[in-house]
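Trainee: These are the residues of each chain, in order.
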Amino acid sequence: MKKQALWTALGLTVVAGCATYVAPTKEESTQAIKSSFNARGIAKLDRLDQTEIQAICSDAQRTGKEVPKAEREALEKKVLATIRYPADGKYLGDFKSGERIAQSGVGMQWSDSDKTVNGGNCYACHQLAPQEISHGNIGPTLLGYGKKRGYGEPVVRYTWGKIWNTHAFNLCSQMPRYGDAGILTEAQIKDVMALLLDPNSPVNK
Amino acid sequence: MKMHRGRIAAAALFLGCAAASAYAQGSATDEIARYRAMLADGNPAELVVARGEELWKTRRGAKNVSLEQCDFGLGAGVLKGAYAQMPRYFADADQVMDFESRLVWCMVNLQGMDRAAVTKNPYSGAGQRQTDLEALTAYGVEMSRGIPVNVPQSHPKERAAYDRGRYAFYMRGGPYDFSCATCHGVTGQRIRLQDLPNIAGNKPDADRAFTTWPAYRVSQGALRTMQWRLNDCFRQQRFPDLVFLSPTSVDLITFLGVNANGAKMDAPAIKR
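Chains as they are written, first to last, in this note's numbering: chain A, 1 to 205; chain B, 206 to 477.
Be careful, since some hints might not be right.
As the list claims (entries may be wrong) - Simulated pairs of lysine-lysine, DSS-like, Cα-Cα distance not exceeding 27 Å:
| # | chain 1 | residue 1 | chain 2 | residue 2 |
| --- | --- | --- | --- | --- |
| 1 | B | Lys408 | A | Lys65 |
| 2 | B | Lys325 | B | Lys262 |
| 3 | A | Lys44 | A | Lys115 |
| 4 | A | Lys34 | B | Lys262 |
| 5 | A | Lys65 | A | Lys162 |
| 6 | A | Lys90 | A | Lys77 |
| 7 | B | Lys325 | A | Lys44 |
| 8 | A | Lys205 | A | Lys90 |
| 9 | A | Lys26 | A | Lys69 |
| 10 | B | Lys362 | A | Lys26 |
| 11 | A | Lys78 | A | Lys90 |
| 12 | A | Lys77 | A | Lys205 |
| 13 | B | Lys285 | B | Lys268 |
| 14 | A | Lys34 | B | Lys325 |
Hints are computed from structural coordinates only; laboratory data are not their basis. Just so we're clear, the structure is a prediction, and the values are computed from it rather than from any experiment.
Next up, chain A with everything else stripped away, as it sits in the complex (with noise of 0.2 Å):
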């Protein structure tokens, strides 16, 4: 019986030897990140240091489960409370030179410097003026965005937000927030309001 036992002691102790290993925690995970890069040029340490809604999208995506929906429609409300509207209430710029910017791809990398001229690189997830046939597939295609929604103002400040800041519709969309975060300008903005939105642009034609 006492030999039982202590075999019965062994045995727990080798499972318990087994079951040892603890995950790191999300704090020591993150320490080990914020050791391991330089600031560099543009590029500082303080992108490290995640936004709300960054830590949350992160951690809905590595653990499968979803943002609850009282919690994510209470983020989008409060995001979209923060979108600047064009105090001239212009909205549409030049489609010419929104392409150029949808072409761009460079702007805020440390390989870039604060005279660089960002770009939105829309057409590295989007399908945009027909013509360009080089283009992603992350985002969903906007040919013929204007014709197809039509160019009424719903529409148009939808869009306008969406550009400014995409979790206001879609607290984790994979989308930058081209306003909110200064990637774009407002100018900039509504040149490629334009590209979408201009019945004259390659995009609805």
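Given chain A's structure and the hints, the job is docking chain B onto it.
Mentor: Relative to chain A, chain B alone:
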């Protein structure tokens, strides 16, 4: 890249402007596939491998010894198959090391070189001669060609490296809110016409991502290592500069390696 665009443009012209976009795009990607097949015919990485082998056998450093007695985890002097089983835990360093970390470790501890000097400029610039580290890494991975990936997960530190690597893979940050998963988390996605491997969720993609690095990058005229590959991903993610051999670099390579276990190494490869 320039070459690509030229071919794409040529393909588009050939088809005529009225061709349906999807058709034109399919044809352009076929053209790129043909271009890649052509490239694979003669890989300039062979020259880098040859130089790496020479460096490997040369007595260097304060201790005037070669790297032939370096232990990459399979015993001192065993290089064949070692790259395919790294990153792994090394008791003498009490840490998980990828191939490049271990290489530097041996250059410092076996050959008596200065760590700061060895790691100062790990990557060659455009048009420059490959660095010693790049050449040695090319030789190291060549010695694993055809050997199945078998990145171990038996030591708790190896498991922790994988878990931290997985965490880093999904960590969104920076002004663009990107993580590795933004581009490498869904099957069948492209940036422009560049196919993006789904590293976490698609086994053939994960296999290819690990087994075809290091690679000769035609557009840069240089051999690039896995450490460089990660550094350049983070640059485009708008993150700060990933430190050569840093914990996160080794963690992510562990994550990539374990996800590719069972696939056969096929590097140095050749890429656009």
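Trainee: Between the alpha carbons of B:Lys408 and A:Lys65, is the straight-line distance 27 Å or under?
Mentor: Holds, at about 22 Å.
Trainee: Decide if the proposed pair is consistent with the structure: A:Lys34 and B:Lys325, CA atoms, cutoff 27 Å inclusive.
Mentor: Holds: A:Lys34 and B:Lys325 sit about 20 Å apart, inside 27 Å.
Trainee: Quick one, are A:Lys34 and B:Lys262 close enough, alpha carbons at most 27 Å?
Mentor: Violated, because 37 Å separates the two Cα atoms, which is more than 27 Å.
Trainee: When you check the alpha-carbon spacing of A:Lys26 and A:Lys69, does it fall within 27 Å?
Mentor: Holds - the C-alpha atoms of A:Lys69 and A:Lys26 are around 24 Å apart, at most 27 Å.
Trainee: Quickly compare the C-alpha distance for A:Lys77 and A:Lys205 to 27 Å and report which way the hint goes.
Mentor: With a Cα-Cα distance of about 35 Å, the restraint between A:Lys77 and A:Lys205 is violated, given a limit of 27 Å.
Trainee: Given the hint that B:Lys285 pairs with B:Lys268, does the C-alpha gap stay at or below 27 Å?
Mentor: 24 Å, holds
Trainee: When you check the alpha-carbon spacing of A:Lys90 and A:Lys77, does it fall within 27 Å?
Mentor: 24 Å, holds
Trainee: Take a quick look at whether A:Lys65 and A:Lys162 sit within 27 Å of each other, Cα to Cα.
Mentor: 24 Å, holds
Trainee: Do the alpha carbons of A:Lys205 and A:Lys90 lie within 27 Å of each other, as the hint requires?
Mentor: Roughly 22 Å separates the two Cα atoms, so the pair holds.
Trainee: For the pair supplied as a hint, B:Lys325 and B:Lys262, confirm whether the alpha-carbon distance does not exceed 27 Å.
Mentor: 23 Å, holds
Trainee: Has the given pair, B:Lys362 with A:Lys26, been kept, meaning a C-alpha gap of at most 27 Å?
Mentor: 16 Å, holds
Trainee: Against the 27 Å threshold, does the CA-CA distance of A:Lys78 and A:Lys90 hold or violate the hint?
Mentor: 24 Å, holds
Hints 4 and 12, counting from the list given before, are not met by this structure.
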